[in-house]
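The whole structure should be built from the sequences, with the hints applied where relevant.
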Amino acid sequence: MAPNFSKITSRTDVKIALAASAALSAWVIRNSLKSSKHKNVKSNRLSPEEQIQYMIKEKNKKDPKAQVDARFLAELSALWKIMMPSLWCKESGFMVMVALSLISRSMCDLWLIQHTTLIEGSIITMNHKEFRRLLTQFFIAMPVISLVNNALKWSIGELKLRLRTNLTMFLYQQYLKGFTYYQVSNLDNRISNADQLLTTDIEKFCDTVVDLYSNISKPMLDIGIYLYRLTVNLGASTPGIMMAYLLLSGVFLTYLRRPTAKMTVHEQKLEGEFRYVNSRLITYSEEVAFYQGNHREQLTLLASFYKLTRHLRNFLNFRVGMGFIDNIIAKYVAITVGFYAVSRPFFAVDHNLLTAGTENDRFKVISPTYFSRMPRGSRDVKREYTRTMVDSFPNSQNGSWIPAILAPGAGRIIYQDKIIRFDKVPLVTPNGDVLIKDLTFEVRSGINVLVCGPNGCGKSSMFRQLGELWPIFGGTLTKPPKGKLFYVPQRPYMTLGTLRDQIIYPQTREEMQRRGRSDEQLHRFLEIVQLSYLTNREGALDAVEDWMDVLSGGEKQRIAMARLFYHEPQFAILDECTSAVSVDVEGQMYQYCREVGISLFTVSHRKSLWKHHDHYLQMDGRGGFVFGEIDNETQEFGS
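Residue numbers (full-length UniProt numbering): 1 to 639.
Each hint should be verified, as a subset may be incorrect.
[Unchecked claim] Calculated pairs, BS3-like style, for lysine-lysine (alpha carbon to alpha carbon, straight line, at most 25 Å): (1) K262 with K204; (2) K81 with K153; (3) K81 with K218; (4) K418 with K331; (5) K424 with K437; (6) K90 with K204; (7) K160 with K81; (8) K90 with K129; (9) K418 with K611; (10) K153 with K218.
It is worth saying that the hints were derived from the structure and are not from the lab.
Just so it is clear, the structure is predicted and the values come from calculations on it, not from any experiment.
Okay, structure coming up:
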C-alpha cells in the first residue's frame with residue numbers, strides 16, 4: 001500500500017509541477033506581449049540614448065579586443081616582473097605558501113573522504129569502539145582543517161595586497177614623472193579614465209592574477225591526486241577515459257566562451273564612461289546649475305546608463321545560454337562519463353576490486369561526481385564584482401534635509417520681466433561671511449552694466465544669488481523668471497554630444513525644432529563669433545567629439561557666446577567669458593547683443609569693453625560699492 005501511495009504522490013507532484021510551470025510560462029509570455037504593445041504605443045518618443053550622442057576621448061572608435069596571444073603574454077610578463085621584483089622576494093614566499101596551503105587542503109579533503117568512509121563502515125558494522133575512536137579523531141582534526149583553510153585565505157589575501165602595492169607604486173611613479181599626468185589627460189587620447197585604471201582596474205587585475213594562480217593550481221593538483229588514486233585502484237583505462245573527455249569538453253567550452261573576454265572589456269569601458277559622466281556633473285556642477293541644464297544632464301546620464309544596461313542584459317543572456325550548455329556538458333554528461341569509466345572494472349569477472357572490500361568504496365562513488373567539476377574549473381578564474389551605492393541622506397530626495405548654514409533668511413525673490421533690482425540685499429557666502437551688507441541698485445532692460453572689483457569682493461556671490469544658487473538672507477531681489485537670465489562663465493562648459501548640442505545647450509535637438517529654430521540660424525551664430533570653419537573642420541553640426549579636448553580656449557569661449565545668441569535671454573551675465581578672444585571679435589559679439597536686445601552684466605578688466613556698457617558697478621572688497629552711469633567724466637580702470 002505504501003509503495004503504491006508513494007507512486008501516486010510522485011505522479012501528482014509531477015503533474016502539479018508541470019501545471020505550475022505552464023501557468024508561469026503563460027504569465028511571462030502575456031506580460032512580454034503587454035510590454036511590447038506598451039513600447040509600440042510610445043515608439044514615437046525617443047529614449048535618452050536616441051536623443052543624446054556623445055564621445056569620450058575616442059578619435060577612432062574600435063571594437064575592444066581581448067585574446068590570449070603572444071602580445072598578451074608579453075604584456076603580462078612585463079607586469080609580472082613589476083609585481084614580482086625577484087625570485088627571492090616576499091611575494092614569492094607567499095606564492096609558495098599558497099601552494100603549500102593548497103596541497104594541505106587537498107590532503108585534508110582526501111583524509112575527510114577516507115575517514116568519513118571508515119565512520120560509515122563502523123556504523124554499518126555496529127562497532128561502537130571503532131566508531132568512538134574514529135569520531136574522536138574526526139573531532140580533533142577539525143581545528144587543523146579549519147586552520148589550513150584560513151591560512152589559505154590569508155595567504156591569498158596578503159599576496160593580492162602585495163601585488164597591488166607593487167603595481168600601484170610603480171604606476172604612480174610613472175604617472176607623476178614629469179608632466180605625464182598632464183599629457184595623458186590633455187595631449188594623448190589613447191588612455192581614457194586614468195583614475196579608474198589606477199584604482200579599480202589595478203585592484204581587479206591583481207585579484208584576478210592571484211585567483212588565476214590559485215584556481216588553476218587547486219584543480220590541477222586535485223586532478224593529479226585523483227588520477228593517481230584512480231590508476232592505482234581502477235587501472236589506467238578509467239582515468240584515460242576521464243582525461244579524454246576532460247580535454248574534449250574543455251576545448252569545446254573554451255571555444256564557446258570566446259566572446260566573454262570581449263564582452264567583459266566592453267562592460268568595463270561602459271562602466272568607466274558611466275562613472276566619467278557622473279564625475280563631469282560634479283566637476284561642472286556650478287556651470288550646469290547656471291545654465292539650468294539639469295534635464296539635459298539627466299538625459300546624458302540616462303543615455304550612458306542605458307548603454308551599460310543594454311550591454312549587461314546582452315551579457316546576461318549570453319551567460320545564461322552558456323550556462324545551459326556548460327551544465328549539460330561539464331556537469332551532467334561528465335557525471336555519466338564518470339560513472340561509465342568507474343563502473344567498467346566492476347563488470348570484469350576476475351577484477352580484484354570484487355574482493356577488495358569496502359575501504360575505498362566512498363572514494364569510488366565520489367569519483368564520477370568530482371570528475372564532473374573538472375571541466376568547469378576554468379569558470380573559477382573570473383570573479384563577480386558588485387557595487388552598491390548607499391544613500392547617506394535618506395530624506396534628501398523629498399527636500400526635507402537642508403544644511404542649516406544654507407537655510408534661507410528673510411529675503412525674498414520677485415519675478416518680473418525686463419528688470420533686475422537689488423533692494424538692500426546682503427551678499428553672504430554659505431559659510432556666513434558678509435561681503436556687502438546692503439546691496440542696492442536697479443537695471444532696466446537695454447542697459448549694459450560693467451561689474452569690476454578685486455577678487456573676493458562679491459562679484460560671483462551676486463551672480464550666484466541672481467542664478468538662485470545661493471539663498472537670499474535679506475532684502476528683495478527682483479529678476480526675470482528662469483529662462484530669461486543666462487550665464488556665460490569664464491570656463492565654458494562643453495556638454496557631451498554633437499557640435500549642435502554645444503550651441504543649443506541645455507536644449508536637445510527636439511526642443512530646438514519645437515522652438516522653430518533651424519541649422520541655418522546656428523550657422524549664422526557661428527559666423528558672428530567667427531567659428532564657421534568648425535563645421536568644415538569637424539564635419540558639420542552632427543560631428544560628435546570630446547569638445548573639452550578638441551576645442552581651444554578661445555573657441556570654447558566663442559561657442560559659449562554663440563550659445564547665448566541662440567537662447568536670446570533678456571539679461572546675460574558674462575563672467576570674464578571673452579578673456580581668450582581677440583578685441584575685434586569681442587566687439588562684434590557685444591555689438592550683436594545690443595542689436596538683439598540682450599542686456600549684459602559683464603565682469604571684465606578690459607578697458608576696451610567700457611564703450612559697450614552704460615553703467616558700472618564697482619566693489620572695493622571692503623563691503624562698499626559704487627553704482628553709477630558711464631559718461632565722459634568716468635575714469636576707466638582696468639587693462
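Each hint, compared with the structure:
This hinted pair checks out: K262 and K204 have alpha carbons roughly 16 Å apart, not beyond 25 Å. As the CA atoms of K81 and K153 are separated by approximately 24 Å, the hinted pair is consistent with the 25 Å bound. Annotation: proposed proximity of K81 to K218 holds, straight-line Cα distance about 24 Å (limit 25 Å). At roughly 76 Å between alpha-carbon atoms, K418 and K331 are farther apart than 25 Å, so this suggested pair is violated.
Straight-line distance between C-alpha atoms of K424 and K437 comes to about 8 Å, which keeps the hinted pair within the 25 Å bound. For the suggested pair K90 and K204, the alpha carbons sit about 21 Å apart, so the restraint of at most 25 Å is met. As the CA atoms of K160 and K81 are separated by approximately 15 Å, the hinted pair is consistent with the 25 Å bound. As the CA atoms of K90 and K129 are separated by approximately 48 Å, the hinted pair breaks the 25 Å bound.
Among the hinted pairs, K418 with K611 is consistent with the structure: their alpha-carbon atoms are about 22 Å apart, no more than 25 Å. Between K153 and K218 the CA atoms are separated by roughly 13 Å; this keeps the pair inside 25 Å, and the hint holds.
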